[in-house]
Amino acid sequence: MHTRDECVAADQADVLAPLKAQFALPPGVLYLDGNSLGAKPRAADARAQAVVGEQWGQGLIRSWNSAGWFDLPARLGAKLAPLLGVPGQEVVVTDSTSLNLFKVLAAALRLQGARRVIVSERDNFPTDLYMIEGMMDFLDRGYELRLIDEQLSLADALDDQVAAVVLSHVNYRSGAMYDMAAVSAQAHAHGALIIWDLAHAAGAVPLALADDGADFAVGCTYKYLNGGPGSPAFLWVAPRHQNAFWQPLSGWWSHKQPFAMSDRYEPAEGIRRYLCGTQPVTSLALVECGLDIAAQADMAEVRRKSLALGDLFIDLVRTRCAAHPLTLITPRAHARRGSHVSFRHPEGYAVMQALIARGVIGDYREPEVLRFGLTPLYLGYADVWDAVEILREVLDSRAWDQPAFRERAAVT
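Under the numbering used here, read the sequence shown as residues 1325 to 1736, first letter to last.
Heads up, a few of these hints could be off.
What the hints assert, rightly or not - Here are the computed lysine-lysine pairs in the DSS-like style, where the Cα-Cα straight-line distance is at most 30 angstroms: (1) 1364 <-> 1344; (2) 1403 <-> 1580; (3) 1403 <-> 1364; (4) 1403 <-> 1344.
Just so you know, the hints here were simulated from the structure itself, not pulled from any lab data.
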């Protein structure tokens, strides 16, 4: 696509375009940050009012039964499961990605006995590394964290001492994507278990956890699944592991019979044993709004459009912003790319603030990285054209070169 008219024509032919009407996007905004926080489904307002005003306000405690609050983690898990390529009874929506990683890492280490090495990536999302470090410190059993990077490949990091490999399917900074099946097989060849963080993959790329040999997976619902700010995360455990161990955060919601009020813990069968305490009903209920929209889209079509939007964005930046020091850090190869595109710029933070001031909302990550999320459910080809035009104007005019745009906010 070489002209805006061609982009408009592509939008008119796009089978996903009608879904945009189900999102409440503010006028005058080009939203390219769905990789960080998804847009609000229009249905969320009515759902929130129903939960707060009717179910809580009128139903009161009866709504744990009458409104189905008690079953929300499993019911939402069943709706999410097709996006992960697994049966509905194998997923729960609960807690945060960090807590869920703690649970499944504990399970993996317990299952692996004497093995004392955990492999991850130096450029993994920090919370994953922090949770691994916290687990190692808590257990105090001589665990080693082995980080792969440019100097140490995964193949070189694996040996018969590796208990678990913890990787993000799509890298949060660069958008680079692993071949899940190949990496899972590589880990298993050395007897290691594989844990996948799907925060930047779920809802953005087709997934087949069971077919690809994953052991555990965690991820969030507030990015491409549009569940709302801080919405509960999800957790999947391969059936072969579910009943082999109960996770250490064994709260009453994971008990076999929570309301038996027994003084002895007995874990529930299956994925329910990976729950913890009383569930956050209001935020859980809003997750369903995003999942209901996702269920209307063919993931193969979502992926096709995501890659096309990414190709367009990259090509337009290359041709229209060539005079400026923008360095693409996202792989161009489709098999290696998720659904966001990232560039480095020496003044990346200020450039992003200038873009946001002009209605183009992306985000910034250290060091010097501008991230642009390509969300096929509500972003179009003409949106990408317009966003790059505004980026070019910001760079050509040096509009970013203002003290206000260099002042760091708490959230970047």
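Verification of the supplied hints:
1. 1364 <-> 1344: holds, 11 angstroms
2. 1403 <-> 1580: holds, 23 angstroms
3. 1403 <-> 1364: With Cα atoms ~18 angstroms apart, residue 1403 and residue 1364 stay inside 30 angstroms; holds.
4. 1403 <-> 1344: Satisfied, since the Cα-Cα distance of roughly 20 angstroms is no more than 30 angstroms.
The structure meets every hint from the earlier list without exception.
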